[in-house]
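**Q** Starting from two chains that each stand alone, build the complex the way the hints lay out.
Going down the list, the protein sequences come from chains A and B.
Here the first sequence is numbered in the working numbering, starting from 1 and rising by one per residue.
Here the second sequence is numbered in the working numbering, starting from 649 and rising by one per residue.
Hints may contain errors.
Stated by the list, open to error - These stretches of chain B come out as covered by chain A in the derived footprint (C-beta under 8 Å, 3 or more residues):
| no. | segment |
| --- | --- |
| 1 | 660-674 |
| 2 | 722-731 |
| 3 | 765-778 |
By construction, these hints were calculated from the structure, which means they are not laboratory data.
We put the CB at the ideal spot given by N, CA and C, even for glycine.
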Amino acid sequence: MIAEFGLAALWLAAALAALQLLAGSLSLTRGGEGFAAIVRPAAVVQGLLALVSFFALMVLFLRTDLSVQLVAMNSHSAKPFVFKLAGTWGNHEGSMLLWVMVMGLAGSLIALIERRLPERTMLATLAGQAFVSLGFYAFLLFSSNPFERLDPAPPQGAGLNPLLQDIGLAFHPPTLYLGYVGLSVAFSFAIGALITREVGPAFARAMRPWVLGAWVFLTVGITAGSYWAYYELGWGGWWFWDPVENASLMPWLAATALLHSASVLASRNALRAWTVMLGVVAFSMSMVGTFLVRSGILTSVHAFAVDPERGTFILVLLAINIGGALTLFGLRAATVTEGKRFALVSREGALVFNNVMLSAILGIVLFGTLYPLVTEAFDTRVSVGPPYFNPVSAIFFVPMLLVLMVGPLLRWRRDNLSRLRRRLVVPGLLLLAAVAALLAIGGIGVLPFIGLALAVALAAASLLPLRGRNLRRTPIATWGMVAAHFGIAVALFGAASESAFTKETLVAARVGDVTQVGPWQVRLDAIEPVAGPNWTAMRAGLSVRYGEGAVRQLKPQARSFWSPPQQTAESALLTRWNGQLYAVLGEEGEDGRWQLRLWWKPFVTLIWIGGLLIGLGGVLAIVAHVANDVRRSVAREKIADRRMRQGR
Amino acid sequence: MTGATSKGPRWALWLPLIVFAAFVVLVLFGLFRPADREVQSAMIGKPLPEFALEPAVAERPGLSSADFRGEGPRLLNVFASWCIPCRIEAPQLDALSKAGVEIHGVAIRDTREDVEDFLSQYGNPFARIGKDDLSEVQLGIGSSGVPETFVVDANGIIRYQHIGVIRAEDMDLIMAELRKAGA
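Looking at chain B on its own, in the form it has when it is part of the complex (with noise of 0.2 Å):
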């Protein structure tokens, strides 16, 4: 031992192990976690917060959450043209769309240029696409990340969140939450 060094305090040199550590403990979270998609969402049943979004793209409306009451339900998708999972998930919204869900859509802090490539690349199944620069109404309809879809009824309540991206294999139980939503 060459005595005490002047580098800085000695517990700094396990720093690197106990990041290592944490990394450990979240991966093996990941791996056995099992694989339980069905999360309650604390919006649920609760009406959506009123907003009102600019269009995000020249050939398609805004979005307001007057958009949502009568004749529904209709899906609400938060996405973005940043979002790799939500190029996966195109087609399903696709899928729904020609089997005549009226789908709205929320760009999340995303420019006109890019939805548009977006939409062009990967199909438009939207009736209406919000712009939602600052997350406010992500953040207001209790979702924190892209993509989510939410079934929401005729009277403009939430009935149904779907966290991540819809798989050709979620497609029976969105179906089955739009009926329960009264289709």
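Same shape as in the complex, but just chain A (with noise of 0.2 Å):
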């Protein structure tokens, strides 16, 4: 019953949503006004419909109804509660279901909340939110339906890939997914603006929470998502360039250009034509994404939805939005003005530098994952790894740390740099300082050197907007810019003493055996097996000493979940300050002995530390932006009431 309950809540929805895309549609059209009134109503229902049948999967799945072969094929009677509730999206229809979920919802609250913009575009930006939706209503009712019932229903399901049984990737798709279809909202800004031709500050300002909000969402996924591919896969990295990660850095490299022009729209209403630009490209790249991930069409090692039929729908779909959008925004581009001018020196200078560094890198990984695909057409199959990425990106993303330590400093419109010279003598001697001892240090890397001298000099620049102001009075978007900055400086830092300071070793250790990894003593006490809900394991004990301290126990283990069958390496962490242990059980050996491996890794956690500043940032500049506009229409309300009495 629930199943058809939700099937029919989805096709209610779809059935809304061309609705919303009629009316919306006919209500821009001479004679055709008197349809507007349907448009709200009905993208609020639309998204509300859309929860109701996502709720219902959810439900299938808690209860494990094996009548529907989605639930028969993902989970599994044993599986623990919460991996249950995962399970709704940790598969392909389940994942494309809580994306039209989430996509409807972003439409009723635009619907609900959002009155700066002229009417006209609102609902031609309604209507454009309501067209991409159809599409992937369409592809999950005929290509993926989720409430797929079979018959007979199985005796067990067959579980979930136990890679995926985690609590911290249980959330981290979602995540990834609020970000990606939250740019969805920017783009359909952009198409309504680029419709009725209104492009200015109260576009920007409509828009820029909802940039900000998903590129939130995208920087604490992308995190997230780094932290579980170190120690979940246990290799010991944390960012690998695989085709599925660059997915997701795609949309956040186009949103971080997104929410920088869209900034200076706001306040300088320059940019016009290439913010909207950006909200088309932002959202393209997330659907790019996602289609590169769920067409298999690239070899990846988290692909877990490998199918060339859905791939070619979704392909459909990227052509219809994709190309649409672009062809719109070059008929109308032309005729969105250009907008006030600035100098070269200048906050909108520096913004605009940053723009094109990150558009280059944006291009730079889209043409790295794409290269495989393209030597494929000349028949050769390569692989494209840190080689080329690390350096090619760094090319551009170092000119644009040193334009981001000046650039929050400057004035709009026009600046003059020698103004700076003395606010930078911090930080200047700062890069020094850092260049002197890591030349004393050693043995480290070109690009680690780069990273980590920058990272201190930026650290210090990234906070100079501060200077010389009352910090109770500093406005929450100054704290957020600067929240965010530090967060880059700190995550580089971290990422450049990763890759510089890592000491690792690999042993064959029999039980009582000691071996030392950079300051650490590591003793293999035990070999134990344990048992849990779906899986079992041998762990190993291990006693562990940094320099003199005190002995903590690590307990890394081999485990074999059983459905499906599988061996996964649990990887054991321990933190200091100042870096991680990181320990990984191998294989027994012929000999009775155990493979052991270990990391030292110093700093590593500032690496996803420094992430979660960024996102903090972008919260802060939310929490900034809306506080603004309650404040703003207060202020208009306030005005009008004043009028209407002076008026009596």
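**A** Structure representation (structure tokens):
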């Protein structure tokens, strides 16, 4: 029953999306204004129905209703509760349902609260949102129905990929999806603005909280995903330039560029066409990324849904949505006037530079991700890895960081660099000190060297906008910017330190053996079997000691899941303020010795702390903008109120 | 229309669409390409070029073209520690080496620590491993990516080139090629 109910809700939601598109489009035509009243309510109800459908699927997973094919294929009654829940979106169909649900709810929300834009632009925006949603509804209903029944029902389900049975991963994809789909709002706003040619500060202000919100989710999602890959895959690395990682990085880069250019548009009414284009590109990158992952067109360690037929379906969707939007852009952008002018050395100038560099990095990542596909066209299979991505993206990343140190200190419109000379003394000196210290340590590769030195200088420079201010009166938006920029320095320091100073060893150890890795002494105390709800494991008991410090315990496991059968290495981590000890238990050798891999990674945790700081910066920016908007609308009401009274 | 704007050429506005169209064409090609993995290499039937590579790791000697003479055939595997598909290939190479096939490796643009890491984690099926930092040998034998595997006969002549991962289902093919080359 619940499955049929969920499916019915999904069909109804699709029908409402069609209505929303139709009414929205008609209301823009002459004589069709009467349809405008339907558009907002349709958007609200459509979102709610999608939510109902998603809840229905969730209930099916929680009950392990094996008569539903999706549940039978991806769940198991012995699975812990939280993973049954996560099973809802831990598969292709469920994650697409999550996608349309979030998109529907986002549409509901803008229909309910967004009143600043001209009504025609709003109608065009909601019609655009419905158009994109409709494609995904069709995809779900015709090619990936999550509520498909299975007759007869099997006695037991197949289980969830054990790598995915991890609390971090259970909530990682939905976080990223909120980011991807949040960008669809920016996309729809861009379409709406292009249709009605209303590109201005109001458009940027309406779009900005959505871009920021999506960007925060992407930032947190990427950070969490990187930490997941770090401890779950047991390879000790934290970023592999894998197609799936790139798929989440590309929308993030576009969204980062977009929120900076939107701030130029909101404050200075410049960069109009460029901002609109980024609005289209950011969500396009989300869709392209999802397509690349879902179609299985690129080999990836993450591929869990590989199906060329679905790939073709998404590709058609992409061609219609992105192709249509970019065609509209090509036709209309020339009629969107340029906006206010500014000098090269100015806040706008620095932000344009940031945008160009981010776009260049985006291009590099996209090219590197697709390159295997290009060569395949010439019958050659290749794999593109860090030797390409790291140095080539650094070419643009490094100048961007240098400009980032001064950009926030510049004035709008026109400024003079000599004015800033004295303020940049501290970061400059720190840069020199860091270079000297790193030269003294020696043996550090070029990129980590640059990274460490720049991180130190940037950390200091990013705090400069706070200097000379009353900290209590500093606007929240400024705090947000400082937190995000400081976070970049922190993450960069962690990444560079990890690649410069990591120590590692691999030993074949017997119980009682002691090994050394960096400042740590590690003793293998015992190997013992343990059992969990749906797995068994061999667990190593390790006594570890940092220098002359206290002895602590570490217990990495080699785990075997039985449904589906699969081996995983559960790494064990010990975090200190200055880094992490990372232990992985491998296989037992023929001579009874156990493989043990140990890493000492100084300051590696800063990578993710930095990522979270960047996200925090975004949250602060949202708070600041929303508070501003509320204050503005209150002030507007007061003025209107006073006028009314004076009128009397 | 507000007249011409000074933002640069108008065609630039169509650039994003052109890039996207190229993407779609590329992807369509990828989706509908017949799954034909047999590629004729220009190097097949030709001798290995002369080379001598430094060892890539401490516990295995380096690799030169002379190592491919006498009592063949052998496999030449082009790999890298940073190459994720190479991890997928590792069990198959292991199985080949356990079956008595002599495998030599060429590590592309890699560091000693990374290669040692890679081998300790995914197994070391190699008798010798040369370090090819500039992709000289890789390009010399007509390989443009990792992983790739060559069957080389007792006279140092390249008999077969396998582009991409050796999957479990490719094992029979590789064994057949080895037999053809005189095993």
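**Q** When the hints from earlier in the document are held up against this structure, which numbers fail?
**A** none
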